[in-house]
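Asker: When we follow the working numbering, the leftmost residue of the sequence shown carries the number 1, and every step to the right adds one.
Careful, some of the hints might be misleading.
[Claimed, not checked] Label-pair ranges, simulated between beta-carbon atoms:
{"hint": "1", "residue 1": "Leu-61", "residue 2": "Ser-9", "range": "15 to 25 Å"}
{"hint": "2", "residue 1": "Val-65", "residue 2": "Thr-32", "range": "40 to 50 Å"}
{"hint": "3", "residue 1": "Glu-66", "residue 2": "Leu-33", "range": "31 to 41 Å"}
{"hint": "4", "residue 1": "Leu-33", "residue 2": "Val-71", "range": "28 to 38 Å"}
{"hint": "5", "residue 1": "Ile-23", "residue 2": "Glu-66", "range": "44 to 54 Å"}
Just so you know, these hints were derived from the structure itself, not from any lab. Small disclaimer: the values here were computed from a predicted structure and weren't measured. Backbone N, C-alpha and C define an ideal beta-carbon position, used for all residues, glycine too.
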Amino acid sequence: MGRNMESESPTFEESFGRLQQAIEQLEQGGLTLEAGLDLFEQSMELAAQCRLMLDRAELRLTRLVEEHAAVIEGGEPG
1 MGRNMESESP
11 TFEESFGRLQ
21 QAIEQLEQGG
31 LTLEAGLDLF
41 EQSMELAAQC
51 RLMLDRAELR
61 LTRLVEEHAA
71 VIEGGEPG
């Protein structure tokens, strides 16, 4: 059914979706202190993963734009 979840890292969309679900659970309340702390810790880890993926995507875009700046500006590729 597509990707093997055990061998591949989750996508940004998967991690972000899990983060959104965790935030919703925390906002709803009703968790024990320990469960809330565990969920908060997971949320922080998911947020860090998402941030890393966004940083990598931004770097990739920056490199692509720099590599192809001459083409974008109407010149010849370098």
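Asker: Has the hinted range 40 to 50 Å been met by the Cβ atoms of Val-65 and Thr-32?
Answerer: Holds, since Val-65 and Thr-32 (Cβ atoms, about 49 Å apart) stay within the stated range.
Asker: Is the distance from the Cβ of Leu-61 to the Cβ of Ser-9 consistent with 15 to 25 Å?
Answerer: holds, 20 Å
Asker: Kindly confirm whether 44 to 54 Å is satisfied by the beta carbon distance between Ile-23 and Glu-66.
Answerer: violated, 35 Å
Asker: Okay, Glu-66 versus Leu-33 on CB: inside 31 to 41 Å?
Answerer: violated, 49 Å
Asker: Is it true that the C-beta distance of Leu-33 to Val-71 lies inside 28 to 38 Å, as the hint says?
Answerer: violated, 57 Å
In this structure, the hints that do not hold are numbers 3, 4, 5, in rising order.
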